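K.L.:
One letter stands for each residue in the lines below.
There are 2 protein chains.
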Amino acid sequence: MCGIVAYVGHREACPLVLKGLKRLEYRGYDSAGIALMNGHGLRVYKKKGKVAALEQELAARESSGTIGMGHTRWATHGEPNDVNAHPHYSFHRKLAIIHNGIIENYAAIKQALLKKGHTFTSETDTEVLGQFIEDIWENNGGSLEDAVRLALQEVVGAYAIVIMNEADPTQLVAARKGSPLVIGVGEGEFFMASDATPIVEYTKDVIYLNDYEIAVIKNGLLTVVTLDNTTTTPYVQKVELELEAIEKGGFDHFMLKEIFEQPRSIADSMRGRVQADSGTMQLGGLRDYLDKLAASERIVIIGCGTSWHAGLVAEYIFEELARIPVEVEYASEFRYRNPIIKEGDIVIAISQSGETADTLAAIELAKSKGATIFGVCNVVGSSIARATDAGAYTHAGPEIGVASTKAFTAQVTVLTLMALAAAKRKGTISESLFRLLLAELESIPAKVEKVLQAADKIKEIAYIFTYARNFIYLGRGLNFPVALEGALKLKEISYIHAEGYPAAEMKHGPIALIDEDMPVVVIATKDSSYEKIVSNIQEVKARKGRVIAITTEGDTHLPSLVDFTIEIPKVHEVLVPLVSVIPLQLLAYDIAVMRGRNVDQPRNLAKSVTVE
Amino acid sequence: MCGIVAYVGHREACPLVLKGLKRLEYRGYDSAGIALMNGHGLRVYKKKGKVAALEQELAARESSGTIGMGHTRWATHGEPNDVNAHPHYSFHRKLAIIHNGIIENYAAIKQALLKKGHTFTSETDTEVLGQFIEDIWENNGGSLEDAVRLALQEVVGAYAIVIMNEADPTQLVAARKGSPLVIGVGEGEFFMASDATPIVEYTKDVIYLNDYEIAVIKNGLLTVVTLDNTTTTPYVQKVELELEAIEKGGFDHFMLKEIFEQPRSIADSMRGRVQADSGTMQLGGLRDYLDKLAASERIVIIGCGTSWHAGLVAEYIFEELARIPVEVEYASEFRYRNPIIKEGDIVIAISQSGETADTLAAIELAKSKGATIFGVCNVVGSSIARATDAGAYTHAGPEIGVASTKAFTAQVTVLTLMALAAAKRKGTISESLFRLLLAELESIPAKVEKVLQAADKIKEIAYIFTYARNFIYLGRGLNFPVALEGALKLKEISYIHAEGYPAAEMKHGPIALIDEDMPVVVIATKDSSYEKIVSNIQEVKARKGRVIAITTEGDTHLPSLVDFTIEIPKVHEVLVPLVSVIPLQLLAYDIAVMRGRNVDQPRNLAKSVTVE
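Quick mapping for you: the protein sequence lines, in order, are chains Y and L. Residue numbering for the first sequence follows the numbering used here, beginning at 73 and increasing consecutively. Residue numbering for the second sequence follows the numbering used here, beginning at 73 and increasing consecutively.
In short, the hints are calculated from the structure, not lab data. Incorrect hints may appear among the rest.
Just some of the chain L residues that point at chain Y, by a computed CB distance under 8 Å [as the list claims (entries may be wrong)]: (1) R395; (2) R541; (3) H580.
List time: in silico DSS-like cross-link candidates among lysine-lysine, alpha-carbon distance up to 30 Å [unchecked claim]: (4) Y/K414 x L/K604; (5) Y/K364 x L/K364; (6) L/K616 x L/K604; (7) L/K414 x Y/K604; (8) L/K498 x Y/K414; (9) L/K604 x Y/K679; (10) Y/K414 x L/K441; (11) Y/K364 x L/K498; (12) L/K414 x Y/K441; (13) Y/K441 x L/K496; (14) L/K642 x L/K531; (15) L/K91 x L/K329; (16) L/K439 x Y/K604; (17) Y/K441 x L/K498; (18) L/K439 x Y/K414; (19) L/K249 x L/K290; (20) L/K290 x L/K310; (21) Y/K441 x L/K604; (22) L/K441 x Y/K598.
Only a predicted model underlies this, so the values are computations on that prediction, with no experimental measurement involved. By construction, the Cβ of each residue, glycine as well, lies at the ideal position given by its N, Cα and C atoms.
Could you build the full structure based on these sequences and the hints that come with them?
P.N.:
Right, dumping it as structure tokens:
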């Protein structure tokens, strides 16, 4: 996820674009850049860090001009630095391009261009696309928009792009597939942006560009063509949402937006990595270390909070598929012990921000003992990503809500891919199970989508339990960490004391808490421990607890036994946490909202815990 | 702990002794036996199981006679079966003996008797003592009481014994050291028992025999001599306590009694195993497997509830001292996975009752995968003790309170000894640290005693928080499992929702729960993580949480920072859980009592969970 802003018209472009970029910083903020044009040609300024850093940089530079475009980045390819920031020049500097999304086949395109003698200054997929377009434009002799269209016909991936042409200070070419792009239509001026927030103070008339459409602004006129070269008439509509609501994509809170983004973010975390059709997969960041991972005798996973829960899920998956013993440690506990690390041991560190202080310190300790460290982070180029030997990014996009949701499912997805890769290399997984799991993985986004459609039903249940003082969450096997995660969500944002337990452990103590006032959320999907957890539910019901069960679609038994059920689609047992956690996120969110809590900024908590 | 009853007078002894034994079954109930005498000589009947089983057995037997003694057993040496049950005959069957306690040097005495041609039918220390007394009596030519006195002068250990003499149907000889013995004085009749409950319905006049005293009843007369042969005048007093209170040793609840028993029960769990003076230790049950333990590459500990917490403590100790990686698993989760067990892996199963169904099933699974299994149980001869390859009993005596207290400290003690033995064998511990820890272990009972003396202060704190709705418990390192255990105690008996967390993990979510209504118990003893946990306390105080800190004696800093402090003596860091858990047990107990809960039988819970 990145933020895009562009302008062409009669105003000074630079301050307008910078202001717009700040509105979009929720989409990413690891580096920013701007392209401007006047008599002095096409100029690009870029800077690592927030938009404010770019603004400071520009203060002393020539920045006049009435056309410009800017970008605030959330790194996907290449670490966040000045060079990798957008815009990118094309090879002969005739064009500049900004891009939000991922070009999956960029490596193949790059290879072809390298053969033609091209060189690249950055590690980004975006620079490759810019050079590719310029190359076609130069060699095919058509218009710039033709070149864009031909280039995009070759591209696999998701994108929203805007291109400036050094030869024409009235021209902007934009296109989208999968990533959003809004065009604002003013009096003799046009605005483009990833959402309407940078636009609404100038005009309420907007066009939401559709997938496979190319927009061309030239000499004050807008035309839209499709990738197959059909001219379409864009639909101009009025923006009526509040600024803040637009940033949140129409959702009341970032957390809710992020919950609903999960079909996309889970897909993003697999994008370019899983090919279910051919039964293959690869994790670029692991390539050189896969043998080591597969050969390891012991894996230690470290993390904090939600990341620690993702680690617990991974423990089950690694042990089951790759038959490697896994220990999951709280980073804060690990770092203050004298942990046992032997040669060949692998440490996997999980952190959304990649800046978690305890986890970073634990990595340094493990390194000093000779461990090989893998990182699973969301923020590209973060401290943890840089401190590890290898790893895989989760590509979930920036997470703004303090209570982590899409980062968790992305972590679990990536850790599952790591386990699959290790199992495949080690030969502990059959070809048929491997293929089955890849196919199942690809089906997860649609299944998550289906759960999200039940949001209203979950809201009804949340309403009933708005004023509960306590909650217990129970699960077995892979759903035990999900129970912990569900309880943590409720704690974090509603301030209700919720606790997760392995269901069978309850009778060794916590069952004393159960009475008619105690809501008990039980994840009781149809898998190998289904019969056992039904028994645990009966134990709770015998003490008059009120049971909310997460069940598998078509389960006709549990509804008669429990007070409320929330159905999820049938999922392969190994992957069930990716789907079973969704209703728990919604339940926590709804209860917190009904209690009037500040969901996106719960009391006492910080998004990224950079202190120990 | 066992129960003892004896009678001589004009009544039928058999029904009186059986009734008395039933009153004493809280002291142990794995087997029972009785000795009776009339014209048919000295007859002994014994039976595995509860007293009721013995009673049934006796229904068809000759059981008349006005002298008799009985015993209900809690096994310490030898599994519970008919043969190991008391009474035991002496070698020439002139005497029968019942015994409560442990003869620590029985092996040496047995060796000497074996050389003389003696044989033994049971594995008990008691049979050894009986034969030893008879041997002295036969060879020294004095009276039976002289022989008892001379024998006991040689004995190291704790005991309450009663002896019947085949040659004299009016004679009972009893002695005590360390284990209780009460003598009831009636009209021409005498009663003896471990406590007054079997006696009070016949007479209120009782004598509490003192340590090192021998009581002889002969021809209707009682004399008391000391071990050094001074005749003393026994002090006859009136019993005024209620029956139930006597069983509970004057405490309001079994749980409280068991909390206060810990200086003794911890000592019992080390008895005969630790010789701090000579810097040596041994664990009989481990002898043949110690090399295997020391050579293991990985230990998996399984348990449920409180036993699982003891396992978490052991994880730290094993890793720190013996440098063997340890994983601690919930038995219920372990058994339903396909756990990875490799050759050379050791599984340690922990269970107070030795009958926990989930743990037993987990053992069977681990066995089927070729693991070597060690057991740490309290009940000798229990299913788990029989299912394991090796192990060590905790010797804490029967635990009646459903919320486990003395079993936990005994488990931690024994697991510490196992870790020390492994570390010593492996050479990962220095001689000086080894000796230091043995000496520190010996000092633990006195330190626990000191904490118990602060019970009134803890009660005052409990009073203030009687109506708290939630509690958080925090600890780091070895005190993290103690925090979990403290929270579990409160949950179990007060039904307050309490949760334990590693202190530094709190900021990753649970800190959202903290406000001025939230009591937070922090174990903040002066050890390596002291500074860190002080920071965690400050985080809590900054959110207005109310902090009860468990501190080390002489800490002058924390009292100014927190709301309440409870001091414990300075303890070596590795052993701190044995002492830091005590105030948490008392706090939970006091709060539960003030809330009017049924402490010994909390709702929904069972003492020994023999279902999964």
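K.L.:
Would you mind marking each hint as holding or not holding in the structure?
P.N.:
So, going through the hints one by one against the coordinates:
Interface hint at L/R395: satisfied, since its Cβ lies 6 Å from the closest Cβ of chain Y, which is below the 8 Å cut-off. With 8 Å as the threshold, the beta carbon of L/R541 comes within range of chain Y, its nearest partner Cβ sitting at about 6 Å, so the hint holds. Because the closest C-beta pair between L/H580 and chain Y is about 3 Å apart, less than 8 Å, the hint holds. Under the criterion of a C-alpha separation no larger than 30 Å, the hint pairing Y/K414 with L/K604 is consistent with the structure, at around 27 Å.
For a cut-off of 30 Å, the pair hint linking Y/K364 to L/K364 stands: about 29 Å separates their Cα positions. Restraint check for L/K616 and L/K604: the C-alpha separation of about 19 Å stays at or below 30 Å, so the hint holds. Between the alpha carbons of L/K414 and Y/K604 the distance comes to roughly 27 Å, so the proposed pair stays at or under 30 Å and holds. The hinted pair formed by L/K498 and Y/K414 meets the criterion: a straight-line CA distance of about 17 Å does not exceed 30 Å.
Taking the CA atoms of L/K604 and Y/K679, the gap is about 21 Å. The hint holds against a cut of 30 Å. The straight-line distance between the Cα atoms of Y/K414 and L/K441 is roughly 24 Å, inside the 30 Å bound, and the hint therefore holds. Proximity of Y/K364 to L/K498 is assessed by CA-CA distance (about 29 Å); at most 30 Å being required, the pair is judged to hold. About 24 Å separates the Cα atoms of L/K414 and Y/K441, which keeps this hinted pair within 30 Å; it holds.
With a CA separation close to 24 Å, the supplied pair Y/K441 and L/K496 stays within the 30 Å bound. A threshold of 30 Å between alpha carbons decides the hint, and for L/K642 with L/K531 the separation of about 22 Å falls inside it, so the pair holds. Under the criterion of a C-alpha separation no larger than 30 Å, the hint pairing L/K91 with L/K329 is consistent with the structure, at around 23 Å. Annotation: proposed proximity of L/K439 to Y/K604 holds, straight-line Cα distance about 22 Å (limit 30 Å).
With a C-alpha separation of about 21 Å, the suggested pair Y/K441 and L/K498 falls inside the 30 Å cut-off, and the hint holds. Proximity of L/K439 to Y/K414 is assessed by CA-CA distance (about 26 Å); at most 30 Å being required, the pair is judged to hold. Of the supplied pair hints, the one linking L/K249 and L/K290 holds, its CA atoms being roughly 22 Å apart against a limit of 30 Å. Of the supplied pair hints, the one linking L/K290 and L/K310 holds, its CA atoms being roughly 23 Å apart against a limit of 30 Å.
A distance of roughly 23 Å separates the Cα atoms of Y/K441 and L/K604; the hinted pair therefore holds under the 30 Å criterion. For the hint pairing L/K441 with Y/K598, the CA-to-CA distance comes to about 27 Å; that is within 30 Å, so the pair holds.
When held up to the earlier numbered hints, the structure conflicts with none and fits them all.
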